[in-house]
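Please model the entire structure based on the sequences and the hints provided.
Order-wise, the sequence lines are chains S and P.
Following UniProt numbering, the numbering of the first sequence begins with 1 at its first residue and continues without gaps.
Following UniProt numbering, the numbering of the second sequence begins with 1 at its first residue and continues without gaps.
In case anyone wonders, no lab produced these hints; they're calculated from the structure.
The C-beta atom is built at its ideal place from N, Cα and C for all residues, glycine as well.
Under the rule of at most 30 Å between Cα atoms (straight-line distance), these lysine-lysine pairs were calculated in the BS3-like manner:
#: 1; chain 1: S; residue 1: K100; chain 2: S; residue 2: K81
#: 2; chain 1: S; residue 1: K98; chain 2: P; residue 2: K85
#: 3; chain 1: S; residue 1: K297; chain 2: P; residue 2: K100
#: 4; chain 1: S; residue 1: K81; chain 2: P; residue 2: K98
#: 5; chain 1: P; residue 1: K197; chain 2: P; residue 2: K227
#: 6; chain 1: S; residue 1: K81; chain 2: P; residue 2: K81
Taking CB as the label site, the calculated pair distances span:
#: 7; chain 1: S; residue 1: A143; chain 2: P; residue 2: E99; range: 30 to 40 Å
#: 8; chain 1: P; residue 1: Y206; chain 2: S; residue 2: S226; range: 37 to 47 Å
#: 9; chain 1: S; residue 1: Y206; chain 2: P; residue 2: S226; range: 34 to 44 Å
#: 10; chain 1: P; residue 1: D103; chain 2: S; residue 2: V205; range: 44 to 54 Å
#: 11; chain 1: S; residue 1: D307; chain 2: P; residue 2: I224; range: 46 to 56 Å
#: 12; chain 1: P; residue 1: I253; chain 2: S; residue 2: G257; range: 20 to 30 Å
#: 13; chain 1: S; residue 1: S226; chain 2: P; residue 2: P275; range: 11 to 21 Å
#: 14; chain 1: S; residue 1: E39; chain 2: P; residue 2: I30; range: 29 to 39 Å
#: 15; chain 1: P; residue 1: V205; chain 2: S; residue 2: A143; range: 49 to 59 Å
Covered stretches of chain P (in silico footprint by chain S; criterion: 3 or more residues with CB under 8 Å from a CB of chain S, positions within the stretch not fixed):
#: 16; segment: 65-78
#: 17; segment: 86-93
#: 18; segment: 241-250
Number of protein chains: 2
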Amino acid sequence: MTDVAKRAGVSATTVSRVINHYGYLSQKTIDKVHKAMEELNYQPNSMARSLQGKDTQLIGLIFPTVSHPFFGELASKMETKLFEKGYKTILCDSANNKEKERDYLKMLAANKVDGIIAGAHNLGIPEYENVGLPIISFDRHLAEGIPIVSSDSYQGGRLATEQLYQRGGRKIAILTGTNESDSPTNKRLEGYLSVLKEHQLEPMVYHFPLEHSPFLKATEIRQILSKEDIDSIFCTDDLTAILVLNKAQELGINIPGDLKVIGYDGTEFIQNYFPQLSTILQPIDQFVDLLIDLLMKRINNADVELDSLYQLPVRFMQGQTS
Amino acid sequence: MTDVAKRAGVSATTVSRVINHYGYLSQKTIDKVHKAMEELNYQPNSMARSLQGKDTQLIGLIFPTVSHPFFGELASKMETKLFEKGYKTILCDSANNKEKERDYLKMLAANKVDGIIAGAHNLGIPEYENVGLPIISFDRHLAEGIPIVSSDSYQGGRLATEQLYQRGGRKIAILTGTNESDSPTNKRLEGYLSVLKEHQLEPMVYHFPLEHSPFLKATEIRQILSKEDIDSIFCTDDLTAILVLNKAQELGINIPGDLKVIGYDGTEFIQNYFPQLSTILQPIDQFVDLLIDLLMKRINNADVELDSLYQLPVRFMQGQTS
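As structure tokens, this is what we get:
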């Protein structure tokens with residue numbers, strides 16, 4: 001394909017687009033590419049595509065891991081909806097493995113999938129810059145021109161913190177990830193900080209690196225609960241909130257009397273099996289619809305104008321922990 | 001392909017094997033198929049395969065849903081290990097949708113994946129009988145000749161029930177699925193019954209259909225806990241055990257004083273976030289290794305002799321609920 005591109009004087013992406021009838025192309029470009037293909041006797045895999053027929057269209061899904069309830073739920077719903085649209089889903093669990101994510105991306109980009117939805121947490125993956133495929137990002141900045149679907153994390157952070165304040169919280173801590181990642185989720189921390197500032201309260205910020213095991217995290221949480229003077233905790237994900245509840249119970253701390261806790265995500269799993277947890281609900285069904293609608297737009301027309309960021313609203317779910 | 005098979009006087013599976021150089025075939029059969037392909041001017045998609053190269057080998061994974069922690073964990077680990085072996089994973093969430101599972105199977109069987117690992121719960125899917133692809137089943141009878149990887153569910157059921165008995169349980173109930181499915185998991189119930197019989201205790205068996213929502217299940221569990229005289233409950237999955245704990249707390253039932261509870265599965269998720277739950281640990285890492293090793297054997301040699309059932313041992317994990 002590189003040879004065809006060179007001979008036709010166009011980019012490999014353009015050759016790929018001609019072969020796959022994807023994106024806007026001038027007739028002149030199409031003719032140049034076809035001529036170069038003939039001269040080089042280049043056989044694209046369009047025969048494979050036509051043999052496969054519509055029912056083998058593939059979409060790549062790059063998420064940290066489906067063993068996490070949030071991403072498991074998102075992946076399950078994406079797969080179901082993509083299947084209804086005639087697509088099959090190739091799963092990539094990228095968890096904490098940048099090389100794996102890069103490898104996947106290269107494979108997916110090598111003309112074998114119709115598009116990618118990526119919501120992984122690894123940083124510094126230059127392949128996203130020039131992958132030459134329709135991509136929509138979930139909740140993370142990947143590269144210029146790749147739209148991001150997210151929820152309003154700043155508002156979510158404000159909502160949780162404001163709730164804790166209204167219920168009497170004055171020593172309000174936040175447990176969150178490390179903020180090196182260029183992700184809209186950092187806005188949850190910003191929302192928290194803005195509410196504390198309005199009420200002239202002192203922020204207490206605890207960062208947990210993504211790669212920490214739940215066991216290590218739980219140990220650190222136990223230390224924080226034993227040593228620090230805290231009456232409320234906002235956790236920027238529900239699983240961390242569960243660790244807080246477990247350790248509070250071990251230490252005999254009364255919830256919500258001595259300590260109020262609010263989580264974040266509100267998956268169906270949490271609603272079904274931890275209904276007691278107060279949390280911020282992310283709109284998972286709406287994420288799924290929007291991610292797939294945008295990807296389909298890009299697949300049908302590579303040059304369609306899309307916003308750079310789509311922010312869906314979140315809401316607070318009152319449980320018994322706040 | 002059916003026409004080629006007819007003309008060559010062989011099965012479609014044999015044609016598929018010739019095209020894909022897969023399984024043992026006599027030279028005579030290979031020649032017959034090649035001749036029929038020539039006469040019919042049949043173009044197999046082998047060119048597509050060679051264009052794709054090794055890095056596009058695909059394995060289909062058919063599980064109920066990755067939004068369930070057990071299958072999410074299994075799928076995540078399978079995907080990771082398959083990737084290391086140069087395979088990509090096509091995900092199929094078959095949850096409660098027999099038609100979807102059949103559609104997937106047809107698509108996967110149409111010569112586009114190298115093999116399938118299936119652990120879904122739908123019944124009566126005749127496509128498994130003649131799919132003509134290497135398949136390994138997880139914990140479910142699919143068809144003659146498809147090996148099953150499972151854990152020792154009978155022993156698991158005995159282990160849980162014996163633990164409850166030893167801790168003083170004399171009114172021991174079991175909460176399990178409906179036993180219409182031809183699945184080794186039904187053996188958990190058999191193990192429970194065998195222990196009760198040995199101790200001359202009366203069984204109390206509650207079946208919950210798979211399609212019941214967690215909310216409905218929780219409502220029914222609340223009724224059982226309020227009305228029935230029960231001192232111990234064995235749940236054949238951990239999520240049901242969590243519903244029991246939630247409802248017991250609502251009703252002010254002391255755990256484990258008034259009621260002992262043991263679950264089943266023991267995922268890393270449960271170990272990390274519900275360490276208080278006593279449960280039977282299934283060997284998920286060993287499942288993953290064995291499923292993939294067996295599938296690779298079948299892919300490399302379609303006629304390799306495999307056992308019909310592989311049963312891995314389970315063990316009891318003592319928490320604070322029993």
